[in-house]
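Asker: Sequence:
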Amino acid sequence: MSVEAAKHARELLLKEYRGALATQSKAMPGFPFGSVVPYCLDELGRPLILISRIAQHTHNLRKDPKCSLMVGERGAEEVQAVGRLTVLAEAVQLSDPAAIEAAAERYYRYFPEAKGYDTAHDFDFWVLNPVRHRYIGGFGAIHWLDQVTLANPFAGQVEVRMVEHMNSDHANAIEHYVKLTGLPQTAPAMLVGIDSEGMHLRIGEGVHWLAFPEPCNTSTQVREALVLLARASEWPKKQMV
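Under numbering that gives the first Met the number 0, residue 240 is the last one in the sequence shown; the count climbs by one each step, no gaps.
Treat the hints with caution; some may be incorrect.
[Unchecked claim] Derived DMTMM-like pairs (lysine to aspartate or glutamate); straight-line CA-CA distance at most 25 Å:
#  : residue 1 : residue 2
1  : LYS236    : GLU72
2  : LYS114    : GLU100
3  : LYS236    : GLU196
4  : LYS114    : GLU223
5  : LYS14     : ASP121
6  : LYS236    : GLU10
7  : LYS6      : ASP123
8  : LYS236    : GLU223
9  : LYS62     : ASP121
10 : LYS114    : ASP95
11 : LYS178    : ASP145
12 : LYS65     : ASP145
13 : LYS6      : GLU89
14 : LYS6      : ASP168
15 : LYS114    : GLU163
16 : LYS178    : GLU104
17 : LYS62     : ASP123
18 : LYS65     : ASP123
19 : LYS65     : GLU112
20 : LYS14     : GLU204
21 : LYS14     : GLU196
22 : LYS25     : GLU100
23 : LYS6      : GLU77
24 : LYS178    : ASP168
25 : LYS6      : ASP145
26 : LYS6      : GLU42
27 : LYS14     : GLU104
Hints listed in this document are in silico derivations from the structure and should not be mistaken for laboratory results.
Kindly produce the complete structure, drawing on both the sequences and the hints.
Answerer: What follows is the structure in structure tokens.
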């Protein structure tokens with residue numbers, strides 16, 4: 000059960016792209032301080048955020064790195080009947096130039112409007128190192144989970160090449176994925192990320208995750224999955240989240 004719950008918790012973390020960050024208030028000791036942050040997952044599957052040095056939550060994290068990130072299924076009419084996940088974590092600011100470069104390359108694919116924040120407004124990249132997870136999959140489906148994250152086997156140049164190839168040569172396939180899954184068609188979709196379990200599309204300012212029919216651990220398996228889905232008449236319902 001915990002393996003299945005961890006899978007659903009990770010899918011929720013992949014499917015969403017913004018959450019409520021709770022930190023320990025520096026100005027009001029003893030009180031939690033909540034704020035909303037966009038996030039994507041880094042190469043190890045950890046939430047990656049970009050926050051301003053002058054923001055209150057940044058001051059809080061510098062004093063006490065213990066925090067949590069809560070995400071819930073978007074658009075739910077009955078919030079207590081759908082999935083939500085709280086990631087208890089310790090935040091770490093990235094300082095290594097190579098790590099910052101890798102984080103920027105990935106984050107700006109997901110959130111291109113944020114490009115330049117780090118220099119124009121003194122923003123920094125932070126990762127949330129998970130300590131424990133509280134996952135609720137609906138009424139009565141409540142779990143404490145120690146391990147949810149999964150490393151992305153394609154993170155780096157392999158992922159970049161696959162993303163660029165799909166966007167430049169297979170825009171029709173991406174459009175087909177959008178139609179099959181009923182995603183918004185308000186703007187052209189762009190592929191921005193690929194992991195072993197699915198892919199992220201950016202449509203306008205929204206990010207959407209679509210699951211592969213089966214996990215993919217090699218580039219060949221990803222290619223086969225993308226071709227299969229491009230030819231499908233309907234999206235595999237059991238695997239889509």
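Asker: For every hint, state whether the structure bears it out.
Answerer: Here is how each hint holds up against the structure:
| no. | hint | in the structure |
| --- | --- | --- |
| 1 | LYS236 / GLU72 | holds, 18 Å |
| 2 | LYS114 / GLU100 | holds, 12 Å |
| 3 | LYS236 / GLU196 | holds, 15 Å |
| 4 | LYS114 / GLU223 | violated, 33 Å |
| 5 | LYS14 / ASP121 | violated, 29 Å |
| 6 | LYS236 / GLU10 | holds, 15 Å |
| 7 | LYS6 / ASP123 | violated, 30 Å |
| 8 | LYS236 / GLU223 | holds, 18 Å |
| 9 | LYS62 / ASP121 | holds, 18 Å |
| 10 | LYS114 / ASP95 | holds, 19 Å |
| 11 | LYS178 / ASP145 | violated, 37 Å |
| 12 | LYS65 / ASP145 | holds, 16 Å |
| 13 | LYS6 / GLU89 | holds, 22 Å |
| 14 | LYS6 / ASP168 | violated, 32 Å |
| 15 | LYS114 / GLU163 | holds, 18 Å |
| 16 | LYS178 / GLU104 | violated, 28 Å |
| 17 | LYS62 / ASP123 | holds, 16 Å |
| 18 | LYS65 / ASP123 | holds, 17 Å |
| 19 | LYS65 / GLU112 | violated, 28 Å |
| 20 | LYS14 / GLU204 | holds, 15 Å |
| 21 | LYS14 / GLU196 | holds, 11 Å |
| 22 | LYS25 / GLU100 | violated, 30 Å |
| 23 | LYS6 / GLU77 | holds, 22 Å |
| 24 | LYS178 / ASP168 | holds, 18 Å |
| 25 | LYS6 / ASP145 | holds, 12 Å |
| 26 | LYS6 / GLU42 | holds, 17 Å |
| 27 | LYS14 / GLU104 | holds, 20 Å |
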